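As you go down the protein sequences, you meet chains C and E in turn.
Every letter in the first sequence is one number past the one before it in the working numbering, and letter 34, counting from 1, is 34.
Every letter in the second sequence is one number past the one before it in the working numbering, and letter 204, counting from 1, is 204.
Note that these hints are calculated values from the structure, not bench results.
Source: prediction; values computed, not measured.
Backbone N, C-alpha and C define an ideal beta-carbon position, used for all residues, glycine too.
Careful: at least some of the hints might be erroneous.
[Said to hold, decoys possible] Derived contacts from chain C toward chain E, CB cut-off under 7 Å, selection only: (1) Asp10; (2) Glu14; (3) Pro112.
[Stated by the list, open to error] Label pairs and their computed distance ranges (CB to CB): (4) Ala16/E with Ser101/C: 16 to 26 Å; (5) Gly103/C with Glu23/E: 54 to 64 Å; (6) Gly26/C with Leu179/E: 46 to 56 Å; (7) Ala16/E with Gly128/C: 33 to 43 Å; (8) Ala21/E with Pro226/C: 52 to 62 Å; (9) Ser137/E with Ser101/C: 15 to 25 Å; (10) Ala75/C with Thr13/E: 26 to 36 Å; (11) Gly103/C with Leu273/E: 49 to 59 Å.
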Amino acid sequence: MRQLLRVALDLLLEATRRRWVLGLFGSITLVLTALGLSLELDVVDGALAGSKLFGVLLSDDVVSAHRALSGVSQAVAYLAFYGGAVFLVVACSDFAPELLSPGRIEHLLSLPVARWQLLFGTYLGVLGLVSAGILYGAVGLTALLGVKTGVWSPGLLLGSTVGLLGFAALYAVMLCSAFFVRSASVSGGAGAAMLGLGVVASYRESLTGLLEPGLVRTLVSWALVPVPRLGGLATMSARIAAEQAIDGAVASRLAAGCGLFSVAALALAAWRFERMDF
Amino acid sequence: MTAAVAVTDLTKTYRALFGGAHEALSGLTLSIPRGAAFGLIGPNGAGKTTFIKVLLGVVQATSGEVTVLGGAPGDVPVRARIGYLPERMHLPAALSARQFLRSVATLKGLAPSDGELSRALERVGLANDGQRIGSFSKGMRQRLGLAAAMLGAPELLILDEPTDGIDPVGRVEVRQLLLEERARGVTLLLNSHLLSETERVCDRVGVLQRGQLRLEGTLDEVRRGATAFRARFEAGADEGALRAAGFVDGVFSGDVAALNEALDRARATGARLVALSPVERDLEQVLSEAMKEAS
Numbered sequence: 001m002r003q004l005l006r007v008a009l010d011l012l013l014e015a016t017r018r019r020w021v022l023g024l025f026g027s028i029t030l031v032l033t034a035l036g037l038s039l040e041l042d043v044v045d046g047a048l049a050g051s052k053l054f055g056v057l058l059s060d061d062v063v064s065a066h067r068a069l070s071g072v073s074q075a076v077a078y079l080a081f082y083g084g085a086v087f088l089v090v091a092c093s094d095f096a097p098e099l100l101s102p103g104r105i106e107h108l109l110s111l112p113v114a115r116w117q118l119l120f121g122t123y124l125g126v127l128g129l130v131s132a133g134i135l136y137g138a139v140g141l142t143a144l145l146g147v148k149t150g151v152w153s154p155g156l157l158l159g160s161t162v163g164l165l166g167f168a169a170l171y172a173v174m175l176c177s178a179f180f181v182r183s184a185s186v187s188g189g190a191g192a193a194m195l196g197l198g199v200v201a202s203y204r205e206s207l208t209g210l211l212e213p214g215l216v217r218t219l220v221s222w223a224l225v226p227v228p229r230l231g232g233l234a235t236m237s238a239r240i241a242a243e244q245a246i247d248g249a250v251a252s253r254l255a256a257g258c259g260l261f262s263v264a265a266l267a268l269a270a271w272r273f274e275r276m277d278f
Numbered sequence: 001m002t003a004a005v006a007v008t009d010l011t012k013t014y015r016a017l018f019g020g021a022h023e024a025l026s027g028l029t030l031s032i033p034r035g036a037a038f039g040l041i042g043p044n045g046a047g048k049t050t051f052i053k054v055l056l057g058v059v060q061a062t063s064g065e066v067t068v069l070g071g072a073p074g075d076v077p078v079r080a081r082i083g084y085l086p087e088r089m090h091l092p093a094a095l096s097a098r099q100f101l102r103s104v105a106t107l108k109g110l111a112p113s114d115g116e117l118s119r120a121l122e123r124v125g126l127a128n129d130g131q132r133i134g135s136f137s138k139g140m141r142q143r144l145g146l147a148a149a150m151l152g153a154p155e156l157l158i159l160d161e162p163t164d165g166i167d168p169v170g171r172v173e174v175r176q177l178l179l180e181e182r183a184r185g186v187t188l189l190l191n192s193h194l195l196s197e198t199e200r201v202c203d204r205v206g207v208l209q210r211g212q213l214r215l216e217g218t219l220d221e222v223r224r225g226a227t228a229f230r231a232r233f234e235a236g237a238d239e240g241a242l243r244a245a246g247f248v249d250g251v252f253s254g255d256v257a258a259l260n261e262a263l264d265r266a267r268a269t270g271a272r273l274v275a276l277s278p279v280e281r282d283l284e285q286v287l288s289e290a291m292k293e294a295s
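Please take these sequences and the hints and turn them into a complete structure.
Take a look at the structure:
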């Protein structure tokens, strides 16, 4: 376990010096700073009387600050889920191929680290990095809106953990693909394809309903069964961020499906890794 | 005392995805005693790097028995006692030399102080350790790789082309380092195309060709060759008679029994032996003769 954490920390150490990662944290800081400086919220007795962004009047309707914040959090959660997933798929696409690059993997495998520790340590390291980014963004935005409106809601923070769950499934596929084809493009492509499939899988019933009944419909329907419902997760994340009620059974199914899928992808990667010569 | 490396009938076959196979190592049997400095030589594609990778568990043997430091290759506790420098080391460009060494040390389960890291870097001639590895020359990368391999005073050092890309002055420094490591009692396995380097550092040598060990022994045994002797006869000896006895330009090729018979024949013609010594070849000759024999 200690070696696994060492591998994860090692990856984090290296990642903190990468342009992509610095860009991620820089972008979050920039967005938060820009919002902090340009967003004006006129809150009187718990009601939002007006809002301006960069001096432009957004709304002068009087609504409850809590309700207004709920809408903002929901929009931010959707944007962060999909936008963040795309950015992170690109930003994290070369971690595994880099780990497996000739001259590096031999050296790593000559150190007292088991292959499975390298694999899961890399996975944990990337998730740690992404968690830090998500946490930074969510805490920053929560604090910003809290200071400006006086309404302190943990919705964004909680919703962002669902986003992490979705990315965990995406990165499991990306990592697994790298053990079959060592390429950042393939790894990134696998992540992007999985994101697309995950959205399609969320609307499996309605989409397959568009197909003529028969073999094709059955095949498509069955092929989408193991794919994690990422679109459903995005909706769940947005609802949690907006502090709206969620169906516990549906949420558990979505989370369990995502978790099982990640475990299966990682098990396949581990099986492949153990048999590889470098 | 057990051998540092013991390999019996080792075979490694690489199989292509759609048929076809390439046997990189074929029935290799070899033992490297603890404390020895073993030089592995052979032409490109002989299987040297594959052999090294099998010892580290990076490549899995198809068949045969392999023991490294008394354990199986790839065993995590065994690997903790090995230092390895790959042929083409890929280093993380964004880190500094010190950060990289610390990262390797952490994965080796070591916790070196700043002073120890500085000494490790100074030892390989890397003083400016704040510089990012991305801007390092090939030689500097090689030196850093060597420093990483030597971290934690390993019992077995496996170095694949350690002086590749290092200038002549640097090579002397690296050689000195390796000799220091030897003096510490480390077992050294060196794969180098620079045969003069192998001759200067190693006390045992193995010639590998097409995955098979063609020749193996101490440096003296290998250089001497088992079958050639240089004889010097008293002036005035009949050159034609000596040639007929088997001494061509004073060199006799054959085993000891044949040599004695040839000497008897030469003496019968009146020639008197003044000096006799085994012919010593350099490793270049050893390699080239081994390759000729094999082909």
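Just pull the numbers of the violated hints for me, sorted ascending. Of the numbered hints, 5, 8, 10 do not hold.
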